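Asker: Just add 23 to the spot in the sequence shown (first one is 1) and you have the working numbering.
Since the hints were made in silico from the structure, they are not lab data.
Computed from a predicted structure; not experimentally measured.
It cannot be assumed that every hint is accurate.
Calculated lysine to aspartate or glutamate pairs in the EDC-like style (CA-CA distance at most 20 Å, straight line) [to be verified]:
no., residue 1, residue 2
1, K353, D374
2, K353, E401
3, K398, D429
4, K369, D429
5, K398, D229
6, K334, E433
7, K198, D161
8, K198, E181
9, K391, E414
10, K353, E331
11, K191, D249
12, K391, E325
13, K425, E389
14, K164, D176
Taking CB as the label site, the calculated pair distances span [said to hold, decoys possible]:
no., residue 1, residue 2, range
15, S406, A296, 39 to 47 Å
16, E414, K213, 40 to 48 Å
17, R67, I36, 49 to 57 Å
18, G284, A170, 40 to 48 Å
Positions of the beta carbon are idealized from the N, C-alpha and C atoms, including for glycine.
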Amino acid sequence: MTALFLLVAGLLILLAFLFVLPPLWRGQAVPDSDSDRRNIAIARHRMAELDEQRQAGALTSEQYDEQVLELEQALIDDLGIESAVTPAGTQGRWMVYVLVLGIPLLAGSLYWAKGDFGAIGIDPEMAASNLSNPNIRDIHKMVEGLAERMKTDPGNAEGWLMLGRSYKYLEQYPKAVEAFANAYRLLGDKAEVMLLYADAIALASDKNLAGKPTELIFKALELEPDNLNGLWLGGLAKVQQGDVPGALALWRRLESRLPAGSESRKEMQNIIASLPGQAPAPESPEEPSRAVQAPAGSIAVEVSLAPELQKAASPNDTVFIYAQALSGPKMPLAIVRKQVADLPVKVTLDDTMAMMPAMKLSNFGEVKVLARISKSGEAVTQSGDLIGTVEKVTVGDSGEQKIAIDRRVE
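All chains, full assembly: derive it from the sequences and hints.
Answerer: The following block contains the structure:
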């Protein structure tokens with residue numbers, strides 16, 4: 024039981040007593056023998072009024088006698104009734120002692136049996152986690168709750184879509200695939216559903232769009248030829264197939280549908296310009312002259328696991344290899360997912376592995392490169408993960424960066 028808990032509980036009990044005890048302690052004023060004297064005084068006052076009324080001629084002698092007789096009878100009745108209320112200057116005070124002793128004992132006994140004394144304290148590990156990942160626990164709880172509800176309501180297509188998007192946000196891609204598959208089964212051939220499903224399958228397979236994802240993407244484009252997400256994913260699928268002209272056709276169509284002068288359109292122009300055999304995107308007339316963006320840079324990385332940590336990882340644990348900006352947002356600029364069984368492994372990080380077009384490797388001169396083993400399989404760093412880093416790497420450097428995963432995240 025912590026001192027903080029005792030202080031809070033004591034203050035709450037004291038506050039309750041301040042409302043309850045004073046009225047009980049003071050008691051209530053009760054009638055006593057003085058009531059007889061008050062009744063006699065009232066009768067005398069009424070008798071004086073009757074005398075005045077008779078002298079003024081307002082009452083006849085007969086009326087006066089009747090009123091006097093009624094007054095005398097009423098006084099006799101009042102004086103003959105014993106008060107049913109006993110003097111109680113201290114009546115009810117016994118309740119004060121019962122409450123003062125009983126409430127703390129009862130509350131303490133119930134909390135001892137049912138409560139958690141440590142809940143009011145601050146768990147250092149939880150505090151550290153919340154500082155680095157605000158609300159991540161709450162998000163996980165909400166997603167778990169939605170998943171439980173979907174077990175009892177499997178025909179709710181919108182619920183499956185929401186669950187799939189939630190799993191995708193948490194980077195739990197296999198679960199996202201399952202949720203979008205259920206939504207697709209219920210909703211059928213709807214372009215947006217098929218594109219979400221295809222994207223999730225690709226993310227769960229190291230961004231590989233071959234096979235079912237490609238089939239879904241081009242089926243969606245048949246339904247909605249100008250769907251922006253479909254044109255983007257379709258272009259990526261063509262690039263992976265080695266069909267540069269096909270990718271160029273789709274991305275030019277996408278670029279033409281983006282707002283003129285917008286950052287999205289400029290980014291699309293740069294991507295098109297980076298395709299083999301393509302000229303740099305022309306500058307807009309209203310923009311000042313600027314240097315043409317260089318082709319996408321890359322970083323060659325070799326990752327190994329330090330011998331002293333070999334027993335701390337399982338072959339199926341997920342390995343994330345990624346680059347981060349030295350300052351600013353910590354979103355990976357390029358990321359590859361492997362398994363511990365693949366180590367040691369060599370990979371090349373480049374712009375095709377970017378999570379967002381505006382945050383890609385070639386936009387940065389120097390970056391930080393990390394390799395992390397996650398037992399949970401989630402991209403969010405957690406206590407107990409194993410990690411290795413190279414603090415500063417020049418993008419486009421022809422040398423190979425060697426990372427040894429050699430320490431544990433605290």
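Asker: Run the structure past the numbered hints and jot down the numbers of the failing ones, going up.
Answerer: Violated hints: 10, 11; rest satisfied.
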